[in-house]
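*Asks:* If you read the sequences in order, they're chains A and B.
When we follow the working numbering, the leftmost residue of the first sequence carries the number 1, and every step to the right adds one.
When we follow the working numbering, the leftmost residue of the second sequence carries the number 1, and every step to the right adds one.
These are calculated hints, taken from the structure and not from any lab test.
Think of the CB as a built atom: it goes at the ideal place given N, C-alpha and C, for glycine as much as any other residue.
Take these hints with a grain of salt, some might be off.
Computed footprint of chain B on chain A, listed as stretches where at least three residues anywhere in the stretch have a Cβ under 8 Å from a Cβ of chain B [unchecked claim]:
#1 243-250
#2 254-265
#3 290-301
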Amino acid sequence: MTESTDNRPAKPPHRRALREAFSIQLVLLAAALLLAVVVSSRLGYLTVGFTDVLRIIAAKLTGQAALTAEMDALLPVVVLEVRLPRILCAAIVGAGLAISGTVFQGILLNPLADPYTLGVSAGAAFGASVAILLNLGFLGFYSVPLFAFIGAAATLFFVIILSSSGEGLSSNNLILSGIVVAAILSAGISFLKYLADEHVSVIIFWLMGSFASRTWADVALTAVAIGTGFLVMLFYARDLNLISLGNRTASSMGVDTARVMMMLLITASVIAAVCVSVSGIIGFVGLLVPHMVRLITGPDNRRLLPASLLTGAILLLGADTVTRAVLPTEIPIGVLTALIGGPVFCYIFWRRQKMLRGDAS
Amino acid sequence: MNLRLEQVGFCYGDQKIIDDLSMDLPPGLFYGILGPNGSGKTTLLDLLTGHRKPTDGRILYGDRELSDVPRKQLAKEMALVPQNFYVNFPFRVREVVMMGRYPHIPRFRPPSAEDDRIVAEAMSAAQITDYAGCFVTELSGGEKQRVVFARALAQNTPLLLLDEATSSMDIRHSIQVLNLVAQRVRAEKQTALAVMQDINLAGMYCEHLIFMKHGRIVCHGPTQQVLNPDTLRRVFEVETKVYDEPFSGSAQVAFKK
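With the rest of the complex left out, here is chain A (with noise of 0.2 Å):
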């Protein structure tokens, strides 16, 4: 090393700047996270006051009955066991889908990659399909998300399989034995249609999302799992930086490229399957939230991965409130979130090609 420098900075400014900033984000959006809690919480067929959520939460958490004592009896029932399950729910599969994209997106070092690249949604989509066809009903409620995370983890398993004979797994190896496996699942999603004759709509509606009566054992089920992955992808978020500088370079840089990115791909896809099985197919939040918070954050995945968490939460729960509170009817999640997220897409991408081209004149 040359000691020829006399500018070096006594102190990193930059770098403290960076790390004020991204505080700054982590807390407006956190902060964002829980008024649009709240507000969710108030909306719905019956209006709950804002003071009145905040009461009930804090009776509820507290143990303080007098709290609520004075307001109608119905409204921490609609609040606590109506309202609230659904709504965490709904961000909680926000942010699952939100960091498993941002994942995929790294390890696979493809912009276009998002949690259902691997085929984890057919094969949730098959199983769910199977489940309702032959309507196993053995495990009462929850059959349908079982075979739905059994689908999805079989073809996790048999993509990762087809992919790493020969030389480990790459990143062209993994997409293309994706979208082989979830084009053959459509086929047999078609078919399954196809036989179920007068249940053919219960696939359909299933397949398009939905967070109707979700109950607190679906947000304890999907917390557990979704804030385990994101410890793992925390843990790795370095490595992963390293990875899109590519393999070998990660790999002379201290990084077991092949055991990250083996652990990662699970950790991302198991997480999917959980948000698939919880709420059905909804789309374009873990292709988009990850775009829209890399323009925000850069792309170090040590700040990417919490931003892109607490915007995931926000949009998806955004999205169902709208859905369940706002709209006349209620229409599919999963056909809202394609319909607001398809265009936002469009225009991220546009513009991206604009400033490129601006660049390059």
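Based on the hints, put chain B in the right spot on chain A.
*Replies:* The following block gives chain B in isolation, referenced to the frame of chain A:
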């Protein structure tokens, strides 16, 4: 530390990429690896960084087998400037150079003032300080390659592996980068191992040349001894004249059309 290859072989499927390589690479020298396309040069570097494992023989780093040295430790011993320097996401230049410090910084700790100093020095050495805040994705090929070179410098390792590290740079920057490497080797007793395409640049900078063809070593030794028309004919199948060139003070090669 001494690198020793003992009958190293590497197969890719049925194809033998590296075949029975044995040599000693004592530290403190600027080595050049020359050979036609597909002669196994990059694979040899992959074996040395531990990115690939030899299918035959073994590589000794000091008195330890290379595969026994933990990856994290190896990353503090050797840095690689790869041939492909594509960066997939819009990181800023200084972020990429800072990645060179990752092997020295615990996973969840922010960089220290010392790390910042080393990064600033590496950027200044590679003459990219002006671009520190730019997005890597917006730079030209040669500029990007200098960023990647600075990243490897920031890794601050005794051994530097260069895989056609100046292939996209203009001649001024090529010379400046190679001067920097040569100076590290001379003044700080570090080791450089460079895969090169430009035989004249190799003749100017490398003290020791390794000629490869079909995954084997054709010959290796001090530049003055091995850089001659006979070797070049055997390795590259071209007719050449090798002469001492006083202006550069080194052996230079002229080619027959």
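*Asks:* Each hint needs a verdict: does it hold in this structure or not?
*Replies:* Going down the list of hints, with the structure as the test:
no.: 1; hint: 243-250; in the structure: holds (count 6)
no.: 2; hint: 254-265; in the structure: holds (count 3)
no.: 3; hint: 290-301; in the structure: holds (count 4)
The structure shown violates none of the earlier numbered hints.
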